[in-house]
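Enquirer: The chain contents come next:
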Amino acid sequence: AQSVTQPDIHITVSEGASLELRCNYSYGATPYLFWYVQSPGQGLQLLLKYFSGDTLVQGIKGFEAEFKRSQSSFNLRKPSVHWSDAAEYFCAGGDNYGQNFVFGPGTRLSVLP
Amino acid sequence: DVKVTQSSRYLVKRTGEKVFLECVQDMDHENMFWYRQDPGLGLRLIYFSYDVKMKEKGDIPEGYSVSREKKERFSLILESASTNQTSMYLCASSFFRDYYEQYFGPGTRLTVT
Numbered sequence: 001a002q003s004v005t006q007p008d009i010h011i012t013v014s015e016g017a018s019l020e021l022r023c024n025y026s027y028g029a030t031p032y033l034f035w036y037v038q039s040p041g042q043g044l045q046l047l048l049k050y051f052s053g054d055t056l057v058q059g060i061k062g063f064e065a066e067f068k069r070s071q072s073s074f075n076l077r078k079p080s081v082h083w084s085d086a087a088e089y090f091c092a093g094g095d096n097y098g099q100n101f102v103f104g105p106g107t108r109l110s111v112l113p
Numbered sequence: 001d002v003k004v005t006q007s008s009r010y011l012v013k014r015t016g017e018k019v020f021l022e023c024v025q026d027m028d029h030e031n032m033f034w035y036r037q038d039p040g041l042g043l044r045l046i047y048f049s050y051d052v053k054m055k056e057k058g059d060i061p062e063g064y065s066v067s068r069e070k071k072e073r074f075s076l077i078l079e080s081a082s083t084n085q086t087s088m089y090l091c092a093s094s095f096f097r098d099y100y101e102q103y104f105g106p107g108t109r110l111t112v113t
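One line per chain: the protein sequences are A and B, in this order.
Residues in the first sequence are numbered consecutively from 1, following my numbering.
Residues in the second sequence are numbered consecutively from 1, following my numbering.
Bound conformation, chain B alone:
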């Protein structure tokens, strides 16, 4: 079974803090994704990576950065957290040839106060 794990299920941070969200997959997938999920808006892609050190901006990259130093690990970084970044963050991964066959982690619910 594919496993995508995220470092925290719940996280509370203060405005201005630097926040790291970690995601690890164990299926040797080339693609990894970070999404943000908000009620009534569905999922929105923040960043996508198709290889180590490679990244592509998604629909809402502002205020976020990413890091992929190893194939199995993809980090989302909030350089200076703001209250409007309070949300559910979902990580996903897929094989390069099957972009849409994405496997999702359980999510991290981030609250910025």
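One chain only, chain A, in its complex shape:
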């Protein structure tokens, strides 16, 4: 069955430090891949998406993600974290038009001043 895993339940980084959140997928073919962010008390917001083409994807709020087929990964990165980035981050994957659309369990990010 298709799945998306996020190995880290909770990550803490200092403000200004770099960030990498891990995501691994298990799909038969190359899936569509996404990162969402959920700030406290708010709904999810789409950060970025990968459908095909360039494996390095730029998103909003200074985030980027890299698709690596050989590692079945789609890790999210940010070079310098801001306190406002503290939130829960969800990786998700799907096939064509919503088929097998699955969310990972989420990674909670805490940011130290």
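Errors might be hidden in some of the hints.
[As the list claims (entries may be wrong)] Label pairs and their in silico Cβ distance ranges:
#, chain 1, residue 1, chain 2, residue 2, range
1, A, P79, B, G16, 49 to 55 Å
2, B, T83, A, S39, 24 to 30 Å
3, B, E79, A, T12, 38 to 44 Å
4, B, D38, A, S110, 19 to 25 Å
[As the list claims (entries may be wrong)] Lysine-lysine pairs mimicking DSS-like chemistry, simulated, CA-CA at most 27 Å apart:
#, chain 1, residue 1, chain 2, residue 2
5, A, K49, B, K57
6, B, K18, B, K57
7, B, K53, B, K71
8, B, K70, B, K18
9, A, K49, B, K55
10, A, K61, B, K3
11, B, K3, B, K57
12, B, K3, B, K71
13, B, K71, B, K57
14, A, K49, B, K3
15, B, K13, B, K57
Because the hints were derived from the structure by calculation, they are not lab data.
Even glycine gets a Cβ: it sits at the ideal position worked out from N, Cα and C.
Given chain A, put chain B in place with the hints provided.
Expert: Leaving out everything else, chain B in the frame of chain A:
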């Protein structure tokens, strides 16, 4: 800005009660979704609607029903609430052509006692 609103942020109901969760979007989106969010499980799709009066079961439809009488409004109904339906419920909407570009509401935290 897209706005997806949900009728309640917090709701407490008793076992066996009929529960209505309402969702309204103001962007003329064709697609509307209801998800359930539980810690460690990410988001799971309950139901999806792509047009008025049309609905598709998601991954966990048991114990739930939905109603879409107007394009902007999508209701989730718990016919007889049970304690295992205590959860965060998220509504989302998207254009038909952009299934994955979903805009989320803030969520309703439902507690069934």
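Enquirer: Take the hints in turn and mark each one as holding or not.
Expert: How the hints compare with the structure:
The hint said 49 to 55 Å for the Cβ distance between P79/A and G16/B, and at roughly 53 Å that hint holds. A beta carbon spacing of about 29 Å between T83/B and S39/A agrees with the range 24 to 30 Å that was offered as a hint. For the pair E79/B and T12/A, the beta carbons lie near 42 Å from each other, so the given range of 38 to 44 Å is met. Separated by about 21 Å at the C-beta atoms, D38/B and S110/A satisfy the suggested range of 19 to 25 Å.
Taking the CA atoms of K49/A and K57/B, the gap is about 25 Å. The hint holds against a cut of 27 Å. About 20 Å separates the Cα atoms of K18/B and K57/B, which keeps this hinted pair within 27 Å; it holds. For the hint linking K53/B to K71/B, the alpha-carbon distance of about 9 Å falls within 27 Å, and the restraint holds. As the CA atoms of K70/B and K18/B are separated by approximately 21 Å, the hinted pair is consistent with the 27 Å bound.
Distance check on the hinted pair: K49/A and K55/B sit about 26 Å apart at the alpha-carbon level, within 27 Å; holds. Between K61/A and K3/B the alpha-carbon distance is near 20 Å, which keeps this suggested pair within the 27 Å criterion. With a C-alpha separation of about 24 Å, the suggested pair K3/B and K57/B falls inside the 27 Å cut-off, and the hint holds. As the CA atoms of K3/B and K71/B are separated by approximately 14 Å, the hinted pair is consistent with the 27 Å bound.
Between K71/B and K57/B, the direct Cα distance comes to roughly 18 Å. Compliance with the 27 Å bound is thereby established for this hinted pair. This hinted pair checks out: K49/A and K3/B have alpha carbons roughly 21 Å apart, not beyond 27 Å. For the suggested pair K13/B and K57/B, the alpha carbons sit about 24 Å apart, so the restraint of at most 27 Å is met.
The structure is consistent with each of the numbered hints, conforming to all of them.
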